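Trainee: Sequence:
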Amino acid sequence: MYQCEVTRFSRSRNGDMAVTFVPILFAFGLRGVLSTANIPGTAFLIIQVCLVIFVAAAFILSYWFYFRYFRYTVVSKQGDGRKGSSYPPASLTFERLINQKSRIYERVRAREMLCLLAPGEAYDEKRFGAPAKQYNLTALSASTAHRLYYRQKGIVYCALFHPNAEQVSMLQSWIRENQAP
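Residues 1 to 181 (this note's numbering) make up the sequence shown, in order.
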């Protein structure tokens, strides 16, 4: 089993605390300073509404850009050797994680894989068909991501992700086996 996690930022407990509490402290501090100023009631109410919107936006953006990351799990054809594993043999599983909670976004079996392209390589649409949907399964830039094309139930899909070297090697060997006569 080959597993890697892709995050946008290197994270620490102190960083997580700062991202969580600095916007709140800023909003309450600014509200406290402005409450002692001689501001009309309606203007102060508007400022408070703006501060609430700021805090909500800070939480949404931190959730989207800081706390969200992806895990890619490639399991060999022999399986991972653990009883009760949720990862089937000969598969690639894409999971989105937020702290310790994970959600499986996509699972691709070895026999479904068509091609794996490094950044900048061209896709042969005539050979495999146009993808119906493209999934951005990375926290990093899509322009530097590998693209995995696969077919499920007759429909071609594309997944953008950042696998490690071991995963690329395993996936390419499966694709070569699929293309062998």
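For the record, the hints were derived by calculation from the structure and aren't laboratory data. It cannot be assumed that every hint is accurate.
Within a straight-line C-alpha distance of at most 27 Å, the following computed DSSO-like cross-link-like pairs (lysine-lysine) qualify [what the hints assert, rightly or not]: (1) 133 / 101; (2) 101 / 126; (3) 153 / 77; (4) 153 / 126.
Keep in mind the model is a prediction, meaning the values are calculated, not measured.
Trainee: Look at each hint and say if it fits the structure.
Mentor: Results of checking the hints against the structure:
1. Between residue 133 and residue 101, the direct Cα distance comes to roughly 25 Å. Compliance with the 27 Å bound is thereby established for this hinted pair.
2. In summary, the hint linking residue 101 to residue 126 is not supported, as the alpha carbons are separated by about 40 Å, beyond the 27 Å threshold.
3. The hinted pair formed by residue 153 and residue 77 meets the criterion: a straight-line CA distance of about 21 Å does not exceed 27 Å.
4. A C-alpha spacing of about 19 Å is found between residue 153 and residue 126, which places the hinted pair at or below 27 Å, so the restraint holds.
Taken one by one, the earlier hints fail for this structure only at number 2.
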